[in-house]
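Visitor: Sequence:
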Amino acid sequence: MMAKIRRLMVMAGGTGGHVFSGLAVAHYLIEQGWQVRWLGTADRMEASLVPQHGIDIDFIRISGLRGKGMKAQIMAPVRIWRAWRQARHVMCAWR
54 MMAKIRRLMV
64 MAGGTGGHVF
74 SGLAVAHYLI
84 EQGWQVRWLG
94 TADRMEASLV
104 PQHGIDIDFI
114 RISGLRGKGM
124 KAQIMAPVRI
134 WRAWRQARHV
144 MCAWR
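In this text, residue positions in the sequence shown follow this note's numbering: the first is 54, and each later residue adds one.
Only true hints are included.
Pair by pair, the computed Cβ-Cβ distance ranges are: (1) M123 / C145: 31 to 37 Å; (2) R60 / I133: 22 to 28 Å; (3) V131 / A95: 16 to 22 Å; (4) A100 / A56: 29 to 35 Å; (5) I127 / I83: 37 to 43 Å.
Because the hints were derived from the structure by calculation, they are not lab data. In this text, all values refer to a predicted model and were calculated from it rather than measured experimentally. Idealized CB from N, CA, C, for every residue including glycine.
All chains, full assembly: derive it from the sequences and hints.
Guide: Structural data, given as structure tokens:
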């Protein structure tokens, strides 16, 4: 019987506290035989840092709300829904 392939998609980005923690988990699981892929944003630190660690990365469009004003907060549900659809597409394609 063949062993089941174990996969993890890490979604962490924006700050070192999130990215470096995600990288630590990713490296540990890779050593345990897991396939790991990353989901992040193209304009934050994970875009350059994750590939340097040999981990494939896919990008979605999303950003934080803090300090963006009322319009951004009103549009937040639409932006989150779009990001969810992008993430779902990436995850389904990785199956």
